[in-house]
Structure formats: structure tokens, C-alpha cells
Amino acid sequence: MIWESWQAFWAMGGYGLYVWGSFGVTLLCVVAEVGLLRRHRLQVWRRLKRMKSWDIQ
Amino acid sequence: MLKFLFTVIRRDVLLAARRRGDWLTAQFFFVMVVSMFPLGIGPEPGMLRTIGPGVVWVAALLASLLSLDRLFADDYRDGTLEQMLLSPSPIALLTLGKAIAHWIINGIPLLLIAPLLGIQFNLPIEALWMLVLSLAIGTPILSLLGSIGAALTLGLRGGGALVTLLIMPLYVPALIFGAGAVEGVLSGTGSEAHLSLLGAFLMMSLLLAPWVSAMALKVSVE
Amino acid sequence: MNLYHYASPSTFYPLAGKLVPWFAALAFILTIAGLYIGFFVAPTDFQQGEGYRIIFIHVPAAWMSMFIYVVMAFWSAIGLAWNTRLSFVMARALAPTGAMFTFVALWTGAFWGKPMWGAWWVWDARLTSELILLFLYVGVMALQAAIDDPRRADRAGALLNLVGVINVPIIYFSVKWWNTLHQGSSVSLTRAPSMAQTMLWGMLIMALAAWMYTIAVALVRARTLVLERERQTEWVRVQLEGQP
Numbered sequence: 001m002i003w004e005s006w007q008a009f010w011a012m013g014g015y016g017l018y019v020w021g022s023f024g025v026t027l028l029c030v031v032a033e034v035g036l037l038r039r040h041r042l043q044v045w046r047r048l049k050r051m052k053s054w055d056i057q
Numbered sequence: 058m059l060k061f062l063f064t065v066i067r068r069d070v071l072l073a074a075r076r077r078g079d080w081l082t083a084q085f086f087f088v089m090v091v092s093m094f095p096l097g098i099g100p101e102p103g104m105l106r107t108i109g110p111g112v113v114w115v116a117a118l119l120a121s122l123l124s125l126d127r128l129f130a131d132d133y134r135d136g137t138l139e140q141m142l143l144s145p146s147p148i149a150l151l152t153l154g155k156a157i158a159h160w161i162i163n164g165i166p167l168l169l170i171a172p173l174l175g176i177q178f179n180l181p182i183e184a185l186w187m188l189v190l191s192l193a194i195g196t197p198i199l200s201l202l203g204s205i206g207a208a209l210t211l212g213l214r215g216g217g218a219l220v221t222l223l224i225m226p227l228y229v230p231a232l233i234f235g236a237g238a239v240e241g242v243l244s245g246t247g248s249e250a251h252l253s254l255l256g257a258f259l260m261m262s263l264l265l266a267p268w269v270s271a272m273a274l275k276v277s278v279e
Numbered sequence: 280m281n282l283y284h285y286a287s288p289s290t291f292y293p294l295a296g297k298l299v300p301w302f303a304a305l306a307f308i309l310t311i312a313g314l315y316i317g318f319f320v321a322p323t324d325f326q327q328g329e330g331y332r333i334i335f336i337h338v339p340a341a342w343m344s345m346f347i348y349v350v351m352a353f354w355s356a357i358g359l360a361w362n363t364r365l366s367f368v369m370a371r372a373l374a375p376t377g378a379m380f381t382f383v384a385l386w387t388g389a390f391w392g393k394p395m396w397g398a399w400w401v402w403d404a405r406l407t408s409e410l411i412l413l414f415l416y417v418g419v420m421a422l423q424a425a426i427d428d429p430r431r432a433d434r435a436g437a438l439l440n441l442v443g444v445i446n447v448p449i450i451y452f453s454v455k456w457w458n459t460l461h462q463g464s465s466v467s468l469t470r471a472p473s474m475a476q477t478m479l480w481g482m483l484i485m486a487l488a489a490w491m492y493t494i495a496v497a498l499v500r501a502r503t504l505v506l507e508r509e510r511q512t513e514w515v516r517v518q519l520e521g522q523p
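Chains as they are written, first to last, in this note's numbering: chain A, 1 to 57; chain B, 58 to 279; chain C, 280 to 523.
So here's chain A without its partners, still in its complex pose (with noise of 0.2 angstroms):
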């Protein structure tokens, strides 16, 4: 499939709104679903971690 130029590509023959909107939401879906499990992640080992310092576990 050889685009003709960029905007093209863009454009998506007309259906650009609805490719972008699916792939971009899609995107927005992965990236929150990785960036919560990290912060959900460092707030368990930080927590832990005041825990055990404190020796009550």
C-alpha cells in the first residue's frame, strides 16, 4: 500500500477521524493501563517498605 503523501495518510481516504479515533483511544487505553500499574506497583513497595521500617508487618 503506497501512500501518496502524508496527508493522505492522514486523511485515511475521508475515514481518517474514525481510524485515528480508534487507534489513538486505543493508544490512551495501553499507555493508562501501563502508567497505573507502575504507580499501583511503586505505591505497594513504598508502603511495604514504611512497614517494614517500622518492623509491623
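No lab work stands behind these hints: they were computed from the structure. Note that the structure is a prediction, hence the values are computed from the model and not measured. Check the hints yourself; a few may be wrong.
Coverage of chain B stretches by chain C, computed from C-beta distances (three or more under 8 angstroms per stretch; other residues unrestricted) [unchecked claim]:
(1) 69-80
(2) 96-106
(3) 221-227
(4) 265-279
Ideal Cβ placement from N, Cα and C applies to all residues, glycine included.
Position chains B and C relative to chain A; hints supplied.
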């Protein structure tokens, strides 16, 4: 064993008879929910006839689910449930008995009220019969599947809403077949297939639900 | 290799930690490959123009949403049968990702349907079943979130998951039937464009990418869960000395 089953059923029905308030609330809820729809959508008779079966079915679903979270909760709170779990009889009989009692208390009144509501939606007499018949097969399914939800959510905050959230997706086939049966009468395309499938779903629920519900009770009470 | 060795949290944790970067890398590479095929190799569709390219996300997401639910049920069954803590952890770790893919399938389904069939939401059999699947995922997660005792939460969620998985074929059948009764022969989203080879390859590679991603994410989530549950043990205390 049968004696145990009947004892469970009799006990629940007697208890409900003494606390008529709860039971009446669920029935009025059924009537009110159904009445909301024409108020929200408009009273045009043809349109009401189209949505009637679905609306009555969904309302019956909600009314049943409303009363489900108390299925085991009252007994759990005063310790009776733990005693019943210690009995030598299989726990699946306990859950089956409770589901049957729930149907007697909540399902049968729905069957009696449904035709009146169907009239509000301009359903012809054949459709009213089918409505009652389909609900007669469908409401036991609801009590059976609901017992699983009630057992899983025993003692949790969130109560009725949580049980509803869990059970509604599982209940979709019954809704489709049940409301579909009534629509089959309205459109003249026949209802045998719908009723057979609904009946099959009931059989499956009867065989599996008490047993799964018993497992769920054990998980919740331990 | 003794598999039971890895059923213990203390051996699972470091192993999973080593595997995560590999699966993440695979996911990344496969995504690039899949997107390349999807945008630069697969031709324009005869009927649907460029809009059809959404299938490179929609179909893999739908596949994953169903696949993950079944894998969750597998771990739930193992957990209930053999009482292995780690099995329940895996089931719990997979749920959010499964729900995410279900949402993506629904969103991309809507975005695909709007230009093709004129409506943002079409009550066709596949989309409606995906919606109910989303409810099933949410139900399991809500139930587990509502229970404080982790053991009860594990087992209750596992049971609900198994009940759901048995029901899914019945639900799908009933929805499909409902759909044909009410829509007759109108077009439905289930009729995908006739597949050029490249299109199929694109979808398969994206599905594989999604699978690798799921494994990576689930392993990370599982590690965090294990850390929290085993916080009283010596090996966790040792782990906490290092870096997260």
C-alpha cells in the same frame, strides 16, 4: 432429604409471611417500574404493545433481584445459616430450598400481577397468557441464578446493586427467550422455540445452580 | 523442570521479573510489524476504503477479550481444585487487561460501524455480546473489590468467573438468535470484508502482539499482588532492600 428440603422452604415462606412489608415493597416496585415507562416514552398504544413484553420482563427481573440479597443474609446475621451448614444434609438442598421459597414468595406474585400490567400495555389476551407462561418458567431461573449471586455477596456492602450487577449478564438468555416468546405471539411467528430454549435454560439452572450456590456459600461463610 | 517449583510465590517472583522485559519487547516488535502491515502492506478494501483498517485493532482486541476471560477461568478452576494461591493471583492479574481489551473492542467497533453503517452503536450479535462480556469482567472485579478477605475474594471471583464462562456460549447464542429475529437480513458488523492474505496476517500479528502485551502486564500485576500477599515472609523483606 426431602424432609429437609420442605423444612427449608416452609421456614422461609413462614418467615416471609410474618414480614409482609418487605415482600409488598418488591411487588409495588414491580408495578411502579413498569408504570414509569409509558410516562417516560409516551402512551401511544401501538408502541406500548411493542415494548410491553420487554418492559414487564425487565421489571420482573429487577423486582426479583431487589429481594435476593436478603436470601441468606438474615440467617447469616443471626447464626442460623452456620447451623444449617453443619447439618448432615447436602448444602445444595439448602440452596435449592431457599431458591424455591424465594420463587414462591416473590415469583408467584409477579405472575399474578404481570397480566394486569400487560393490559396497561395493550397486550391482547394470547400475549398475556404467554407473558404469564414465559414468566412462570423464567422467574424460577431468576431465583436459582440469584441464589448464586446472593451466596457470593453474603454480608458485603453494596447489597442488592452488587447482586444485580453480577447476575444480570447471566440472565440475558432468559430475558431474550422469555420476552421473545411473547413477541412471537404478537407477531404471529410462534413461540415454541423460545419456550423450549427457556425450558432448557431452566433445566440447566435447576441442575447446576443449587450446587454452585452451595459452593459459593462455603466460600463466603468460611 | 519441576513445574510445582514455580507454583511457589518466592520462585515465581524473580522468574516473572526476568520474563517481563522479553514479553514487553516481543509485544513492541510485533505491534510495529502488525501496524506496518496494516498501514503499508494491506491494500485498500474494495467496499470499505481505508476505514476498514480499524479491524487491525478491533478484531485482535475482541479475540483477546474472549481469550483472556477463558484463561482467567482456567486459572480459577486450577485454583479452586488445587488451592494454589498463585493460580488465583494470575486470574486476578488478567482481569483488568481483559476488561480493557473488551472496552477497546467496543469503542473501535463503534468507530468502525459509524462510517460503514451510519450509526455509532449497532445492536449486532458480536458487539452486544462484547458488551455483556464487559459486564461480566466488571462483575468479577467489583465482587473482588467488595470483599476484604483476600482468600474469600479469590475464591468468590473464581467461582463467578467459572459461572460466567459456562454462560458465555449460551449468552452468545441467545444474542445471535435475538439479533436475527429482530434485524432480518440487514448488514451486520460480523460480515468482515473478504480477507486479502495481508489483512489476515496483519490481524494475526496484532493479536499476537496483544497476547504478548497481556502476558507482560499480567506478570507485573501478579508480582505486585504476590509482594503484597507475601509481605510477612523473609524473601519479600529481602526483595524490599533492592529496587522496585
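Hint check:
1. 69-80: violated (count 0)
2. 96-106: Check failed, 0 qualifying residues.
3. 221-227: holds (count 5)
4. 265-279: It holds, with 7 qualifying residues against the three required.
Violated hints, in rising order: 1 and 2; the structure is consistent with all others.
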